[in-house]
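Peer 1: Okay, here's what each chain looks like letter by letter:
Number of protein chains: 2
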Amino acid sequence: MNIAIVGIGLIGGSIGIRLKETQFAQKIIGVEKNEANQKKALQLGLVDEILPLEEALKQAKIIILTIPVDAIVKILPGLLDKVTDQVVIDMGSTKTNILRTIADHPKRGRYVAAHPMAGTEYSGPEAAVPGLFKEKVMVYVEAFKSDEDAFELADAVTEQLEMKTSFMNADEHDEHTAYVSHISHLTSFALALTVLEKEKSQGRIFELAGSGFQSTVRLAKSSPEMWTPIFKQNRENVLEVLEEHIKQLQNLYNKLAAEDYEGLHKLIKKSNKIKRIIK
Amino acid sequence: MNIAIVGIGLIGGSIGIRLKETQFAQKIIGVEKNEANQKKALQLGLVDEILPLEEALKQAKIIILTIPVDAIVKILPGLLDKVTDQVVIDMGSTKTNILRTIADHPKRGRYVAAHPMAGTEYSGPEAAVPGLFKEKVMVYVEAFKSDEDAFELADAVTEQLEMKTSFMNADEHDEHTAYVSHISHLTSFALALTVLEKEKSQGRIFELAGSGFQSTVRLAKSSPEMWTPIFKQNRENVLEVLEEHIKQLQNLYNKLAAEDYEGLHKLIKKSNKIKRIIK
Chain A
1 MNIAIVGIGL
11 IGGSIGIRLK
21 ETQFAQKIIG
31 VEKNEANQKK
41 ALQLGLVDEI
51 LPLEEALKQA
61 KIIILTIPVD
71 AIVKILPGLL
81 DKVTDQVVID
91 MGSTKTNILR
101 TIADHPKRGR
111 YVAAHPMAGT
121 EYSGPEAAVP
131 GLFKEKVMVY
141 VEAFKSDEDA
151 FELADAVTEQ
161 LEMKTSFMNA
171 DEHDEHTAYV
181 SHISHLTSFA
191 LALTVLEKEK
201 SQGRIFELAG
211 SGFQSTVRLA
221 KSSPEMWTPI
231 FKQNRENVLE
241 VLEEHIKQLQ
251 NLYNKLAAED
261 YEGLHKLIKK
271 SNKIKRIIK
Chain B
1 MNIAIVGIGL
11 IGGSIGIRLK
21 ETQFAQKIIG
31 VEKNEANQKK
41 ALQLGLVDEI
51 LPLEEALKQA
61 KIIILTIPVD
71 AIVKILPGLL
81 DKVTDQVVID
91 MGSTKTNILR
101 TIADHPKRGR
111 YVAAHPMAGT
121 EYSGPEAAVP
131 GLFKEKVMVY
141 VEAFKSDEDA
151 FELADAVTEQ
161 LEMKTSFMNA
171 DEHDEHTAYV
181 SHISHLTSFA
191 LALTVLEKEK
201 SQGRIFELAG
211 SGFQSTVRLA
221 KSSPEMWTPI
231 FKQNRENVLE
241 VLEEHIKQLQ
251 NLYNKLAAED
261 YEGLHKLIKK
271 SNKIKRIIK
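Going down the list, the protein sequences come from chains A and B. Quick note on numbering: the first sequence equals residues 1 to 279 in full-length UniProt numbering. Quick note on numbering: the second sequence equals residues 1 to 279 in full-length UniProt numbering.
Be a bit skeptical, because a hint or two may be false.
Just so you know, same-sequence chains aren't split out, so a pair can sit in one copy or run between any two.
[Unchecked claim] Below, a list of computed lysine to aspartate or glutamate pairs in the EDC-like style, where the Cα atoms sit at most 16 Å apart:
id	residue 1	residue 2
1	K198	E240
2	K20	E236
3	K255	E175
4	K58	D85
5	K198	E243
6	K134	E21
7	K61	E126
8	K164	E207
9	K40	D149
Note that these hints are calculated values from the structure, not bench results. Note that the coordinates shown come from a computational prediction; the quantities given were computed from them, not determined experimentally.
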């Protein structure tokens, strides 16, 4: 069985290298527009060969989409038009718009919506690592709308990646990811902008940056090409959570401005409840 | 030479255990009000014995203060009153107010203001680890106002902790730490509050929390007893950076609300410049 991966960056490349490692596929076909990335993907052994999408579709049983979410919205309907018994899996970080686009497509059953809750702040083929997905969660969205054999093939890939699974509907998925993934990126981007702004006048500022700063700001290294479309596709949820987050920051600001240290202490103590949830 | 550590938590305990490891001190004396922490400190071997402050002052050559910054402000003048040839080092995270308190003290020379840029989100004696400070930066503030022998003793401790050093004035220190440490904690507290608020109505939200979320929210586990005083002592700088940070978040919000994706992309790309600074 051949597998085609469309978009050989952090996610696509990490899937490719892992599936080669487990010998799950006979051949991994890469579909990649960027010439430099084509070369890197071959050099790093993430894929066996690079082909145009049309050709890859003919040769592969499973087609995995790991391109930015707006590009998925754009190409998915036309791709399904050409599908016979293949399976198309999208690994995008948002789902509502993508699913809406192909809701009534006659080949809807050949498509599986999945979202691996895994990643790093790095991007491109050189960021690919085989163990990226291990013990992370693969979220299936509206899995009941996929043909049984199509879902089973997708789930076989998930198993190769050594992932746990979770099932959700699209609204739920997009709302939850806004809270536990998309907002984290926005706070990091804003934190980086805040500090970079200050650095202009205070050059020595980063001498003091410790591990706390590093961990809160590291996501600000993430790719704008990947993240702008995610915010676009999940705009309403992201605006909601961003509004709430600004409100919480403003609340902390107000307590400090009013010298209400008892109130500030109370808010920090309340935030400590996050201990219940993260290790 | 005996060393007294006042406050046996994450920082004090980590200094104690490291100085015992290197056999730099003959005896490490712990000064600690909390009885449970006294017991833990002794059990964990962070200190050799627990004594009241008065007694510790008589026996020790070096007295290291690792209590919350408002407590440092409170006890430092009275402590210096009783000092003869000992050295008092404070390890607090803010400096302007502390230094103002003892600026004209006749024993000013016996005091060294230092801030180890190291820590974790955990607190208490059980959070202490001997390697906490290794290769981190110890910032000395207004070191030129300390007696030469006093500074040399403090710097010998820094050497035992295997730290690099940096020198600043108090204003500079407090401004910079607001930007690269204090704000990171506030964004984490606010992020935790945002998500915990949502969890009430959407129980499954944390199933999806990946490593990105974990790293941006982990500081929200930090102690309110330690952090409320830091924000209080560094109030003006913290308000300034918090205001700027809210402005940056609002700016991202506005771009997304206006569907200005080019503008959003530009801001994210700009924030990527943080790559120059952090690994």
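Peer 1: At most 16 Å between C-alpha atoms: does K198 with E240 qualify within a copy, between copies, both, or neither?
Peer 2: between (28 Å within a copy, 11 Å between copies)
Peer 1: Since the copies are identical, ignore which copy is meant and state whether K61 and E126 lie within 16 Å (CA to CA) inside a copy, between copies, both or neither.
Peer 2: neither (26 Å within a copy, 54 Å between copies)
Peer 1: Measure nothing new, just compare the shortest in-copy and cross-copy C-alpha distances for K134 and E21 to 16 Å and report within, between, both or neither.
Peer 2: within (13 Å within a copy, 38 Å between copies)
Peer 1: Between the shortest in-copy and the shortest cross-copy C-alpha distance, which are at most 16 Å for K20 and E236: within, between, both, or neither?
Peer 2: neither (39 Å within a copy, 56 Å between copies)
Peer 1: Within, between, both or neither: how does the pair K255, E175 come out at a Cα-Cα threshold of 16 Å?
Peer 2: Close neither inside one copy (29 Å) nor across copies (20 Å); limit 16 Å.
Peer 1: When no copy is specified for K164 and E207, does a C-alpha distance of 16 Å or less occur within a copy, between copies, both, or neither?
Peer 2: between (41 Å within a copy, 11 Å between copies)
Peer 1: For K198 and E243, with the copy left unspecified, which applies at a CA distance of at most 16 Å: within, between, both, or neither?
Peer 2: The answer is between: 13 Å across copies meets 16 Å, while 24 Å in one copy does not.
Peer 1: Please sort K58 with D85 into within, between, both or neither, judging by C-alpha distance up to 16 Å.
Peer 2: within (11 Å within a copy, 84 Å between copies)
Peer 1: Quick one: K40 to D149, C-alpha cut-off 16 Å, is that within a copy, between copies, both, or neither?
Peer 2: Answer is neither: 34 Å inside a copy and 58 Å across each miss the 16 Å cutoff.
When each numbered hint is compared with the structure, violations occur for hints 2, 3, 7 and 9.
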